[in-house]
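Enquirer: Sequence:
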Amino acid sequence: EYSCVVFKGIPYAMAPTGTRRFKRPEKMAKWDGIFDATKWGKKCPQRAQEKGSFYQKEFYDSDEFSAESGDDCLNLNIWLPKNIEEKINEGVKLPVAIYVHGGAFMGGAGSNLPFVATNMVKEGVIIVTINYRLGVFGFLSHPILKEISGDTNCGNIGLWDQLAAIEWVYENIDSFGGDKDNITLFGQSAGAMSLQILALSDKLDGICKKMILESGGGYKNPLSSFKTQDEAEVYGNWLMEEICRDQNIDINDHEGIKNFLINGDSADVLRLSLEVVGRSFREGKGFAFLPVIDGEILKKDGNELIGEKEFLKIPYLLGANKDDITMEKATDFSATANPMEIANIEYAKLANESGADSYVYYFTRDLPGDNSRAFHSAELWYVFGSLEYSWRWESFSDHDRELSYEIIRYWTNFMKYGDPNYEGLPKWRKCTGDDLFLKIFE
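In this note's numbering, the protein residues as written are 5 to 446.
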């Protein structure tokens, strides 16, 4: 099927069902025998993509890469080079990169297009893609959740899932020929925003050695929202109102509400949460279910922490696209007019001042086939080298294939060494206060 080895749907934590639905992930129990890793694991319950919508056509219109939704969604996929057994027998351990998908914290899965890592692993790295809880299941804040979980805070369950997946890889990747001491985390959009938050915690100390943030990282990124738990609980209150109205439960009946949250059909919980999302957008409040300042993963406002240089001192590679989300009404498409790219530049400057080598890119290639240009997430086809799986395949030119190969070389070299530069490719300098160098991919 692929010119590499793929283990699909490996569970990294106990299924978050029943009483575990709104709790932090629990470590996976060991199992005997052989696990069937030939099919994608379930993805987190989420709103179905509207048929014919832009991103449905872009990333979801493929039976080969579609996965069922379900509560039992905490799984990951491991992409290995074909010759991995030889490497293991020789005692060679390969660098590992874990990818955290985007989707506005509401949708997506590690099995989606364009995350076909065949051409990345050919460069001698192992790629892992993960699922984590989304929307109401991953980012709901409300005092009732504290009663359910027994935790003193709540709201970042999806981030705890990501940490659990990363820890599983750290503990087990040796068995797949990976080097647990050379792990890179990379993500795009909500995935990059997640990793930016995790870089501000102490949870990745000693585990993450490098980080790649695509269209979602940076200092004062316009996409970032660092709500307090009290602010986030407004949406939780809205959800409780929806539940009580729909299920005919008294608003003061906490046991009745808890019973629905724990035992109700996830499709019903999702349906009612989408009412909250709709209300939030109608009232101009944006997304309802996002990471929060919980005092544990995120101690305080993320931009304050970045300004104080309280981030992991590791190499970073980060960037944005010419027609990214923040550029809808732009007339000037230069990098220095792109709010997301400015955030990347400012972060890289701070990181380099701290001794953390950091590199910034700007993706300007207009994708062929329609007028969507260098849209938000357009670079992913090139990063993963999965152009052949895109509906645009016949429109891609030799230039697109060469550009993808160049990007893969830079990305995988960074995964290996913390420096993207590769012999024969143009020099990519660090982005510093004295040298605001941006690598343009056009």
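The set of hints was computed from the structure by calculation and includes no laboratory data. Just to be clear, a hint being listed does not mean it is correct.
Simulated crosslink set (DSS-like; lysine-lysine; CA at most 27 Å straight-line) [claimed, not checked]:
| no. | residue 1 | residue 2 |
| --- | --- | --- |
| 1 | Lys126 | Lys12 |
| 2 | Lys150 | Lys184 |
| 3 | Lys86 | Lys184 |
| 4 | Lys333 | Lys289 |
| 5 | Lys31 | Lys150 |
| 6 | Lys431 | Lys420 |
| 7 | Lys224 | Lys150 |
| 8 | Lys313 | Lys420 |
| 9 | Lys207 | Lys150 |
| 10 | Lys224 | Lys213 |
| 11 | Lys213 | Lys61 |
| 12 | Lys27 | Lys303 |
| 13 | Lys353 | Lys289 |
| 14 | Lys317 | Lys353 |
| 15 | Lys184 | Lys420 |
| 16 | Lys34 | Lys231 |
| 17 | Lys231 | Lys317 |
| 18 | Lys150 | Lys304 |
| 19 | Lys262 | Lys213 |
| 20 | Lys61 | Lys420 |
| 21 | Lys12 | Lys61 |
| 22 | Lys304 | Lys207 |
| 23 | Lys317 | Lys184 |
| 24 | Lys97 | Lys34 |
| 25 | Lys303 | Lys207 |
| 26 | Lys313 | Lys303 |
| 27 | Lys43 | Lys55 |
| 28 | Lys207 | Lys97 |
| 29 | Lys224 | Lys31 |
Enquirer: Does each hint hold? Answer for all of them.
Expert: Hint-by-hint comparison with the structure:
For the suggested pair Lys126 and Lys12, the alpha carbons sit about 18 Å apart, so the restraint of at most 27 Å is met. Pair hint Lys150 plus Lys184 does not hold up; C-alpha atoms about 34 Å apart against a cutoff of 27 Å. Among the hinted pairs, Lys86 with Lys184 is consistent with the structure: their alpha-carbon atoms are about 20 Å apart, no more than 27 Å. Simply put, Lys333 and Lys289 have alpha-carbon atoms about 20 Å apart, close enough for the 27 Å limit, and the pair holds.
Restraint check: the Cα-Cα separation between Lys31 and Lys150 comes to about 20 Å, which is no more than 27 Å; the hinted pair holds. With a C-alpha separation of about 17 Å, the suggested pair Lys431 and Lys420 falls inside the 27 Å cut-off, and the hint holds. For the hint linking Lys224 to Lys150, the alpha-carbon distance of about 30 Å lies beyond 27 Å, and the restraint is violated. Distance check on the hinted pair: Lys313 and Lys420 sit about 25 Å apart at the alpha-carbon level, within 27 Å; holds.
A threshold of 27 Å between alpha carbons decides the hint, and for Lys207 with Lys150 the separation of about 21 Å falls inside it, so the pair holds. Using a Cα cut-off of 27 Å, the hinted pair Lys224 and Lys213 holds, with the two alpha carbons roughly 23 Å apart. In summary, the hint linking Lys213 to Lys61 is not supported, as the alpha carbons are separated by about 35 Å, beyond the 27 Å threshold. Distance restraint check for Lys27 and Lys303: the Cα-Cα separation of roughly 20 Å lies within the 27 Å cut-off, and the hinted pair is therefore satisfied.
At most 27 Å may separate the alpha-carbon atoms for a hinted pair to count; Lys353 and Lys289 exceed this at roughly 31 Å. A C-alpha spacing of about 13 Å is found between Lys317 and Lys353, which places the hinted pair at or below 27 Å, so the restraint holds. For the given pair, Lys184 sits about 12 Å from Lys420 by alpha-carbon distance, which is consistent with the 27 Å threshold. Taking the CA atoms of Lys34 and Lys231, the gap is about 37 Å. The hint is violated against a cut of 27 Å.
The hinted pair formed by Lys231 and Lys317 meets the criterion: a straight-line CA distance of about 25 Å does not exceed 27 Å. Pair hint Lys150 plus Lys304 holds up; C-alpha atoms about 20 Å apart against a cutoff of 27 Å. Taking the CA atoms of Lys262 and Lys213, the gap is about 40 Å. The hint is violated against a cut of 27 Å. With a CA separation close to 33 Å, the supplied pair Lys61 and Lys420 exceeds the 27 Å bound.
About 23 Å separates the Cα atoms of Lys12 and Lys61, which keeps this hinted pair within 27 Å; it holds. About 15 Å separates the Cα atoms of Lys304 and Lys207, which keeps this hinted pair within 27 Å; it holds. As the CA atoms of Lys317 and Lys184 are separated by approximately 18 Å, the hinted pair is consistent with the 27 Å bound. For the suggested pair Lys97 and Lys34, the alpha carbons sit about 24 Å apart, so the restraint of at most 27 Å is met.
Taking the CA atoms of Lys303 and Lys207, the gap is near 12 Å; set against the 27 Å cutoff, the hint holds. Under the criterion of a C-alpha separation no larger than 27 Å, the hint pairing Lys313 with Lys303 is consistent with the structure, at around 14 Å. Straight-line distance between C-alpha atoms of Lys43 and Lys55 comes to about 24 Å, which keeps the hinted pair within the 27 Å bound. Distance restraint check for Lys207 and Lys97: the Cα-Cα separation of roughly 24 Å lies within the 27 Å cut-off, and the hinted pair is therefore satisfied.
A hinted pair counts as satisfied when its Cα atoms are at most 27 Å apart, and Lys224 with Lys31 does not qualify at roughly 34 Å.
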